[in-house]
Amino acid sequence: MYISLKWLKDFVDIKMDPKDLANELTLKTAEVEKVEDQGCSFDNMVAGHVTSIAKHPDADRLQVAQVSVGKENLQIVCGGANLKEGMYVAVTKIGAKVKWHGEGELITLEKAKVRGVESYGMIAAAEEIGLEDKEAGPHDIMDLSSIKPKPGTPLAEIFKKDDVILEFDNKSLTHRPDLWGHYGIAREIAAITGAKLKPYETKVKIPKDGESPKVKVENPELCPRYCGLIINNIKVQESPEWLKARLTATGHSAHNNIVDITNYISTELGQPLHAFDKSHIKGGIIVRTAEKGEKIKTLDKKSRTLDEHMLVIADKEKPLAIAGVMGGENSEISPQTTSIIIESANFNASSIRKTSTKLGLRTDAVQRFEKALDPLLAETAILKAAELILALSPGATIGGPITDIKNFENKALKIALNIAKTQSKIGVEIPAKQIKKILESLEFKVAEKGTTHFTVTVPSFRATKDVTIEDDLIEEVARIYGYENIAPTLPKLEARLPKDNTERFQKHRAREFFSLGLGFNEVYNYSFYGAKEIQNCLMSEEGHIKLQNTLSEDQTHIRQTLTPNLLKNLQLNAKNFEELKIYEIGRTYTDIGEFYPQETKRISGAIMTKSKNPFYEAKGAVEGFLKQFNIKASPAKGIKNTPYAHPQKALSYIDHNGQTVAVVFSLHPIVQKNHDLQGQHIANFSINLTEALKIQNNDKKFKEIPKFPSSTFDVSVLVQKNKEIGELKSAIQKANEKLITDIKLFDIYEGPNLPNDQKSVAFKITLNDPEKTLTDHDLTETQARVFKNLKSIGGIIRDGKG
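Its first residue numbered 2, the sequence shown is counted upward by one per residue in the working numbering.
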């Protein structure tokens, strides 16, 4: 966005150097990307008066002119066909930068001899000095005789090129709808520099009677305000030089006085306007959404197809404009126009942006409306437009009162501002009086609320989306006070060791236990599986969370258990391994009918072999984990709510709260078949890490190394296949509670040479007496008791011992 320094000075006194001003605005308001001094391009260029002309002695097409440029006369060799004595011309003196015949790069003029005659400058054509819009004919020199400027007058002054243009980065203004016009920038400059901001005044008088536009707003939610005014007896003509100069300086093209005035107000206030030729409007104005497929030819001569979500300005027969985007060709201002309707409206920001995006049509009006403009601005803008039209179109008259349709609530936004909080957040104890002064300079109304707070009323032009909470006010104070004035200080922090991340630490320990200690491979799976996988595992979709936007058919539900994906891992690798041991650490999610699902951290694993039943290996892994992590849980036969587990080959570990900490199970035959894993021996386990860590005993006690040597013996016992290992271990332990310190299962055998309903189980039993060395009697007596206890529960001692 381009902002004119001369224009800004209409509203605020600016004494600061333009570059310093740009730096202040960048620090405190929005980024100024470039400062362009227009006058620099016209250095050493002045108006001249041709006092005499003589033919060049050695060139038929050249003439030698004597030109008065104020305090001196210059001899200039010129080839301009339209040059004549008494003519007022544009003279570029030595040192000026020009484009030769308007082509190529800029060159710096030097004193030269042209065919033997000295020349001290150049009489310029418009194209050679960047004034193509003033061009009379190709390569003709500029004729200024119509205005007869005083010789020596700088061209920058004559052509209003003595301005400085500030180029703002639009992205830095996105959140500030009040800064899309010169008056908003002037307000910021006044606050930054302490200068007084002149009030924005309009002097036009609107009649109380007469003709007003008939306006109907069918979609009030898309048009919070619509102001319309009829002006008659206008004369469409070229705008005066001052108006064209301001528009050109800020990146706009000049059209005619009416259109130029609407663009002028938009650039000055930030409120877009539109002018309709009243004679082309049938039956009044209707603000409505377009019909699907409705067409309009816009001012850029393009036909555009609309949809039912786009807001249009229409009459009873046709659309006249795409609201807030661009007007229609069927009601544009032409030289024949004598009566107009000026529109100054406020449109829904989101609606305008969506329409612009769909049509691929981005205009200055869109840039402003999509920022959520202040509805109160519409009336000010239409009054200013009326004032300028009456001034620039003599004989024009206002038809009647303004039609003003309001669909918004003009309620002031008040925010409580804590003074101490403001000082704390900024990091500087800015006095309360200064805080108040800063806010008031930005046109916030500030009322004291005791000694600790202010009640701040937000001005309407900042209340549409920009300033809504206390922190926004604190930011206003900080930026005007100046971030550069806040001394950087290091925060005072107490050096503390960070708290242990227990969950991460326990995961590392778990990986060490399973991967390093037991030779398992860790896998990573998606947190989803499909409905087919739920069926293959005999589960129900109840309790599962279904995704609305699925990645694929295999990922329709968030996982409730880790097992299904582990089974898919086994299925993919079954042909490649004789034995495979895998595990995964992850979260599972269960819909429990509340806002958030129940989230559980788990460790689940699977062992697959072709030669032996790995159930007891899986059981040993779980028990080893529980022991390693000091988690006490008792084994119990069977498990609940696990349909993919074998009903007869499953074990749960229950804590003292009755919660299941872990499960071990063989795979259900149907589930095994569904995954094409027939012929494989598979055992699974799952540890509820969330529950386990709740009951983990972190008290570590030192255990003395035994003073006396230990002794071991093995026992092998034949029992029924359904006999639980836990029952056998319990019987062994009861044989001598004091001396038996460890019982390890090291073999289970089922197969040839044994009855079909029996299995052979072998244990290594360790004995130690903390008070003395074991005797042969201790060993013999304990061994006899072990044999006796095992026999009492149906066991047969092998190896000739019983």
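Worth flagging that the hints you see were computed from the coordinates, not collected in a lab.
Among the hints, a few may not be true.
Derived lysine to any residue pairs resembling SDA-like cross-links, with alpha carbons at most 20 Å apart [stated by the list, open to error]:
| no. | residue 1 | residue 2 |
| --- | --- | --- |
| 1 | Lys-422 | Glu-388 |
| 2 | Lys-628 | Phe-747 |
| 3 | Lys-638 | Glu-728 |
| 4 | Lys-415 | Ile-475 |
| 5 | Lys-438 | Gly-483 |
| 6 | Lys-695 | Ser-528 |
| 7 | Lys-628 | Phe-506 |
| 8 | Lys-724 | Gln-649 |
| 9 | Lys-245 | Glu-388 |
| 10 | Lys-161 | Glu-212 |
| 11 | Lys-724 | Gly-659 |
| 12 | Lys-172 | Arg-480 |
| 13 | Lys-628 | Ser-731 |
| 14 | Lys-641 | Gly-659 |
| 15 | Lys-493 | Ser-425 |
| 16 | Lys-10 | Pro-58 |
| 17 | Lys-735 | Thr-713 |
| 18 | Lys-29 | Leu-694 |
| 19 | Lys-161 | Val-115 |
| 20 | Lys-217 | Phe-506 |
| 21 | Lys-319 | Ile-287 |
| 22 | Lys-20 | Glu-34 |
| 23 | Lys-633 | Gln-572 |
| 24 | Lys-298 | Ser-335 |
| 25 | Lys-293 | Ser-335 |
| 26 | Lys-355 | Pro-200 |
| 27 | Lys-298 | Asp-308 |
| 28 | Lys-319 | Gln-368 |
| 29 | Lys-773 | Thr-713 |
| 30 | Lys-569 | Phe-506 |
| 31 | Lys-466 | Ala-413 |
| 32 | Lys-279 | Asp-316 |
| 33 | Lys-415 | Ala-464 |
| 34 | Lys-112 | Ala-60 |
| 35 | Lys-650 | Phe-506 |
| 36 | Lys-745 | Lys-569 |
| 37 | Lys-739 | Asp-777 |
Each hint tested on the structure:
1. Lys-422 to Glu-388: 46 Å, violated
2. Lys-628 to Phe-747: 17 Å, holds
3. Lys-638 to Glu-728: 11 Å, holds
4. Lys-415 to Ile-475: 14 Å, holds
5. Lys-438 to Gly-483: Holds, at roughly 14 Å.
6. Lys-695 to Ser-528: 24 Å, violated
7. Lys-628 to Phe-506: At roughly 17 Å apart (the allowed maximum being 20 Å), Phe-506 and Lys-628 satisfy the hint.
8. Lys-724 to Gln-649: 12 Å, holds
9. Lys-245 to Glu-388: 17 Å, holds
10. Lys-161 to Glu-212: Between Lys-161 and Glu-212 the Cα gap is close to 39 Å, so the pair fails against 20 Å, i.e. violated.
11. Lys-724 to Gly-659: At roughly 24 Å apart (the allowed maximum being 20 Å), Gly-659 and Lys-724 break the hint.
12. Lys-172 to Arg-480: With a Cα-Cα distance of about 18 Å, the restraint between Lys-172 and Arg-480 holds, given a limit of 20 Å.
13. Lys-628 to Ser-731: 17 Å, holds
14. Lys-641 to Gly-659: 13 Å, holds
15. Lys-493 to Ser-425: Holds, at roughly 14 Å.
16. Lys-10 to Pro-58: Between Lys-10 and Pro-58 the Cα gap is close to 53 Å, so the pair fails against 20 Å, i.e. violated.
17. Lys-735 to Thr-713: 17 Å, holds
18. Lys-29 to Leu-694: 53 Å, violated
19. Lys-161 to Val-115: Roughly 33 Å between the alpha carbons, so the hint for Lys-161 and Val-115 is violated.
20. Lys-217 to Phe-506: 69 Å, violated
21. Lys-319 to Ile-287: 10 Å, holds
22. Lys-20 to Glu-34: 11 Å, holds
23. Lys-633 to Gln-572: Violated, at roughly 34 Å.
24. Lys-298 to Ser-335: 16 Å, holds
25. Lys-293 to Ser-335: Roughly 30 Å separates the two Cα atoms, so the pair is violated.
26. Lys-355 to Pro-200: It is violated: about 35 Å lies between the C-alpha atoms, which goes past 20 Å.
27. Lys-298 to Asp-308: Since the Cα atoms of Lys-298 and Asp-308 sit roughly 15 Å apart, the hinted pair holds (cutoff 20 Å).
28. Lys-319 to Gln-368: Violated, at roughly 26 Å.
29. Lys-773 to Thr-713: 16 Å, holds
30. Lys-569 to Phe-506: 29 Å, violated
31. Lys-466 to Ala-413: It holds: about 13 Å lies between the C-alpha atoms, which stays within 20 Å.
32. Lys-279 to Asp-316: 11 Å, holds
33. Lys-415 to Ala-464: With a Cα-Cα distance of about 10 Å, the restraint between Lys-415 and Ala-464 holds, given a limit of 20 Å.
34. Lys-112 to Ala-60: 19 Å, holds
35. Lys-650 to Phe-506: 33 Å, violated
36. Lys-745 to Lys-569: 33 Å, violated
37. Lys-739 to Asp-777: 16 Å, holds
In summary, the structure is inconsistent with hints 1, 6, 10, 11, 16, 18, 19, 20, 23, 25, 26, 28, 30, 35, 36 from the numbered list given earlier, while agreeing with the others.
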